[in-house]
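A.B. asks: Construct the complete structure from the given sequences, taking the supplied hints into account.
Now for the letters of each chain:
Protein chains: 2
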Amino acid sequence: MLDKYDYLVIGGGPGGTPVASALASAGKQVLLVEKGAGLGGTCLFEGCIPSKIFRESARRLRELQESGDFGLCMPTRDVHLDWSAIQERKQVILHLRSTGAIQRIRQNSSLDITLGSAMFLDNSHARITPNAEKPVDIEFKQAIIATGSKPFRPPIKGVEESCVVDSAQILEINHVPERLAIIGAGPIGVELGQVFHTFGSDVTLYEAGAHILAHADQELAERLQQQMTEEQIRIITDCHIKRICRTGSGVFVEYQTAAGQTAHHFADTVLLVTGRRPNTEGLGLENTAVKQTPHGIQVDEKLQTTEANIFALGDVVGQPMFAHWATAQGLALAKNLLGQPVPFPDADHNSAVIFSEPELAMAGLTEEQAQSRDIEYEVARYDYKRDARAQISNRAKGLLKILYESDSHRIIGIHVLVEGAGDLMGEAALAVTQGMTLEELACTIHPHPTLTESFSLAARSALQKR
Amino acid sequence: MLDKYDYLVIGGGPGGTPVASALASAGKQVLLVEKGAGLGGTCLFEGCIPSKIFRESARRLRELQESGDFGLCMPTRDVHLDWSAIQERKQVILHLRSTGAIQRIRQNSSLDITLGSAMFLDNSHARITPNAEKPVDIEFKQAIIATGSKPFRPPIKGVEESCVVDSAQILEINHVPERLAIIGAGPIGVELGQVFHTFGSDVTLYEAGAHILAHADQELAERLQQQMTEEQIRIITDCHIKRICRTGSGVFVEYQTAAGQTAHHFADTVLLVTGRRPNTEGLGLENTAVKQTPHGIQVDEKLQTTEANIFALGDVVGQPMFAHWATAQGLALAKNLLGQPVPFPDADHNSAVIFSEPELAMAGLTEEQAQSRDIEYEVARYDYKRDARAQISNRAKGLLKILYESDSHRIIGIHVLVEGAGDLMGEAALAVTQGMTLEELACTIHPHPTLTESFSLAARSALQKR
Numbered sequence: 019m020l021d022k023y024d025y026l027v028i029g030g031g032p033g034g035t036p037v038a039s040a041l042a043s044a045g046k047q048v049l050l051v052e053k054g055a056g057l058g059g060t061c062l063f064e065g066c067i068p069s070k071i072f073r074e075s076a077r078r079l080r081e082l083q084e085s086g087d088f089g090l091c092m093p094t095r096d097v098h099l100d101w102s103a104i105q106e107r108k109q110v111i112l113h114l115r116s117t118g119a120i121q122r123i124r125q126n127s128s129l130d131i132t133l134g135s136a137m138f139l140d141n142s143h144a145r146i147t148p149n150a151e152k153p154v155d156i157e158f159k160q161a162i163i164a165t166g167s168k169p170f171r172p173p174i175k176g177v178e179e180s181c182v183v184d185s186a187q188i189l190e191i192n193h194v195p196e197r198l199a200i201i202g203a204g205p206i207g208v209e210l211g212q213v214f215h216t217f218g219s220d221v222t223l224y225e226a227g228a229h230i231l232a233h234a235d236q237e238l239a240e241r242l243q244q245q246m247t248e249e250q251i252r253i254i255t256d257c258h259i260k261r262i263c264r265t266g267s268g269v270f271v272e273y274q275t276a277a278g279q280t281a282h283h284f285a286d287t288v289l290l291v292t293g294r295r296p297n298t299e300g301l302g303l304e305n306t307a308v309k310q311t312p313h314g315i316q317v318d319e320k321l322q323t324t325e326a327n328i329f330a331l332g333d334v335v336g337q338p339m340f341a342h343w344a345t346a347q348g349l350a351l352a353k354n355l356l357g358q359p360v361p362f363p364d365a366d367h368n369s370a371v372i373f374s375e376p377e378l379a380m381a382g383l384t385e386e387q388a389q390s391r392d393i394e395y396e397v398a399r400y401d402y403k404r405d406a407r408a409q410i411s412n413r414a415k416g417l418l419k420i421l422y423e424s425d426s427h428r429i430i431g432i433h434v435l436v437e438g439a440g441d442l443m444g445e446a447a448l449a450v451t452q453g454m455t456l457e458e459l460a461c462t463i464h465p466h467p468t469l470t471e472s473f474s475l476a477a478r479s480a481l482q483k484r
Numbered sequence: 019m020l021d022k023y024d025y026l027v028i029g030g031g032p033g034g035t036p037v038a039s040a041l042a043s044a045g046k047q048v049l050l051v052e053k054g055a056g057l058g059g060t061c062l063f064e065g066c067i068p069s070k071i072f073r074e075s076a077r078r079l080r081e082l083q084e085s086g087d088f089g090l091c092m093p094t095r096d097v098h099l100d101w102s103a104i105q106e107r108k109q110v111i112l113h114l115r116s117t118g119a120i121q122r123i124r125q126n127s128s129l130d131i132t133l134g135s136a137m138f139l140d141n142s143h144a145r146i147t148p149n150a151e152k153p154v155d156i157e158f159k160q161a162i163i164a165t166g167s168k169p170f171r172p173p174i175k176g177v178e179e180s181c182v183v184d185s186a187q188i189l190e191i192n193h194v195p196e197r198l199a200i201i202g203a204g205p206i207g208v209e210l211g212q213v214f215h216t217f218g219s220d221v222t223l224y225e226a227g228a229h230i231l232a233h234a235d236q237e238l239a240e241r242l243q244q245q246m247t248e249e250q251i252r253i254i255t256d257c258h259i260k261r262i263c264r265t266g267s268g269v270f271v272e273y274q275t276a277a278g279q280t281a282h283h284f285a286d287t288v289l290l291v292t293g294r295r296p297n298t299e300g301l302g303l304e305n306t307a308v309k310q311t312p313h314g315i316q317v318d319e320k321l322q323t324t325e326a327n328i329f330a331l332g333d334v335v336g337q338p339m340f341a342h343w344a345t346a347q348g349l350a351l352a353k354n355l356l357g358q359p360v361p362f363p364d365a366d367h368n369s370a371v372i373f374s375e376p377e378l379a380m381a382g383l384t385e386e387q388a389q390s391r392d393i394e395y396e397v398a399r400y401d402y403k404r405d406a407r408a409q410i411s412n413r414a415k416g417l418l419k420i421l422y423e424s425d426s427h428r429i430i431g432i433h434v435l436v437e438g439a440g441d442l443m444g445e446a447a448l449a450v451t452q453g454m455t456l457e458e459l460a461c462t463i464h465p466h467p468t469l470t471e472s473f474s475l476a477a478r479s480a481l482q483k484r
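Quick note, the sequences are listed as chains E and F, same order.
Just so you know, the numbering used here puts 239 at position 221 of the first sequence, and the rest follows in order with no gaps.
Just so you know, the numbering used here puts 155 at position 137 of the second sequence, and the rest follows in order with no gaps.
No lab work stands behind these hints: they were computed from the structure.
Where hints are given, some of them may not hold.
Which copy? The list can't say, so a pair holds if one copy fits it or any two copies do.
[What the hints assert, rightly or not] Simulated pairs of lysine-lysine, PhoX-like, Cα-Cα distance not exceeding 25 Å:
1. K320 - K46
2. K353 - K483
3. K483 - K46
C.D. replies: Right under this line is the structure:
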């Protein structure tokens, strides 16, 4: 470690790592400080990746149970789950990715990486405490805070019980719970609810809102909710959790229904997924002019905090909290700091995937957002019921919606519910970001038979109706 | 049937059906004549769809065999294939799609559909012979030939043997051959070779060229070939088939090696997939001024034949022979005939998927094409070995190549070898068709963790190296 750095980057997740790497590649002296066991952040160690590893096993188990439909005969009753093997596979992939990230980034000779904590002493000095070593004070010209977020524990009576776990803890669980109660039907709740349901858990989802996935396209979310209900996942909406209480026959989750009545279900494990809060504790922000709001560190549109030489990005500045969003912010910030004034990412061009079964993916605006801005828009629709590829894979249940401006035909949002929707989001994001028209999408030659054809089929069909 | 039509469309496949439908939707009187059992053409009845149905069962069998890697324990030896169930599933989907297509198109009141044959009497009259009915002569103002193609049987000694089947016949086979010889390692040969290999056939692929998939990116084709070889598919390149001969212990395929030596292997079934020829027999072209070349009906860039009021499109006019290409031609032709001068599809913007395992997909130009035109280009590369999504699904073997012009950074071709590559082609085709730059692709927010991220990762990495 040096005494002085051009840049101090705090947080080695999907936001901090690329910004540190880009600055160091340009020859700047950079210190990257990461509190966890390696580079990767929540995404790698407690979020996207481990949950997708579980989901992949669940997806394969589902497919295996459907083998008979495809002419593959097998005694499905003889299939059993080796939970420790799944956990072990997870560890292997996490280790591989984390060491891979470190190896790649270490090729930058002007980048130092310290596993430990960082605390601002003032706006140009910080105390770095490497794990199990003595603190060192350093000087920096500019700093970037990318410390991410952590699960929020709402003040529900009983949340301190050991059977109540958060989104990070459930990924370390050493067994499949027989009865799993999930509080919060956002992306994580829905995704893990389906995963554990497939693994054999009896799953109950509790949601304060009127339907699951409040931020997704409402029609698609409701359609998914109906499919989950048909698959025997219990979904209780418009409810208010009153208390969690351990009893002789399991944990008791008491809630108030929409009608004001008190009801309860038993569970063995309770998963709390009611949002996330920015990680700002211990950063010494009080020693700087950096301000916070309840949503996170306050930044302007150029990610500058209220302390001119300190920047912040990713989950720690609030919604949207996505790994790819933090990366996009980090890359743009690095370029701007290096004197290349590229535009910062536009939330209207963001994309996201909910790894439900089927996947629910989106790019651009939702109908609710378009309406709130008084945008005159129409919707091109496509039902995967008639889709060749979806029929072939027995996944013909989904829906595609392309939102476009009524006058210009410019595409402003794409929402897809179908297994494989995530991989269609590159095209969706490109169409939205580049402001393409329905006509341009319609005449692009999409290969047959793929799910991606649906984009041009929906566009053509909407244009024909006009 | 009427006496007179505005348009006679011959062929109800992916080319003829949309053109007939679009013309009828605009109020024109249209007669669509289809020789087969229903609408859909080779693609639905003898090509893309049935082969993908087989492939889906093969894909699931492969995944099932890998279950242990994902913590799913099962006695895989107890799995057996119910071939008749696979064939039955195929019939159900084909019927569903064919009747669906007819139902949709019948909503056009100015469209008549006749299952039967059509023969030109002159440039404004044709004899229509509905199946099992008497011929009727009709008059037309303009005609569109979209009769597709059929498998080509090369003049090899022994091809008339009953154990020698073409790409249509293999799809009707009532068992999985123990030993399958495939002559021709183009898309169909590679795809079905892998499918039957997965189903348990001992497969040998014979190819006259130096490697499989002559029209694909050479590097990716060679990589796929190596993977196939590692999976124990026998691939014999640079060979010349001398004869096929039935013997007591099976069929004898004799070939000459690159070194000029004679060698042979035994098989039970021989699949001939050495190209396709246009369907022009019986059309009465000799009664018109329509000219043909060995590759198909001669048309200009507006799909007009040498008879001014007769047009042709799809396989019958030669390469490229793809369902989606024929559809794109049909839609453009219909608009032009209706007085909307839209551009005809550009082969440089075409896309295609080879449904190998993993899929090999492409949009735009190959390196060979770029070189032959003296385009100064560079290649952005991405190895799926380091890809999150690919690692999660144990499919981390592929490669992505983005070809872009050295000076403008405009993307001219995208080639992908990875399972799921087909669904990435919407974005690839959009990027190529719209002439996007590497910078535009790099800053588009692709969601994490998906395969589609690879596009921006490849673009960013190439830009960083520059």
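A.B. asks: All the hints need checking, so say for each whether the structure fits it.
C.D. replies: We went through each hint and held it up to the structure:
no.	hint	result
1	K320 - K46	within (20 Å within a copy, 57 Å between copies)
2	K353 - K483	between (45 Å within a copy, 15 Å between copies)
3	K483 - K46	between (56 Å within a copy, 17 Å between copies)
The structure agrees with every numbered hint stated previously.
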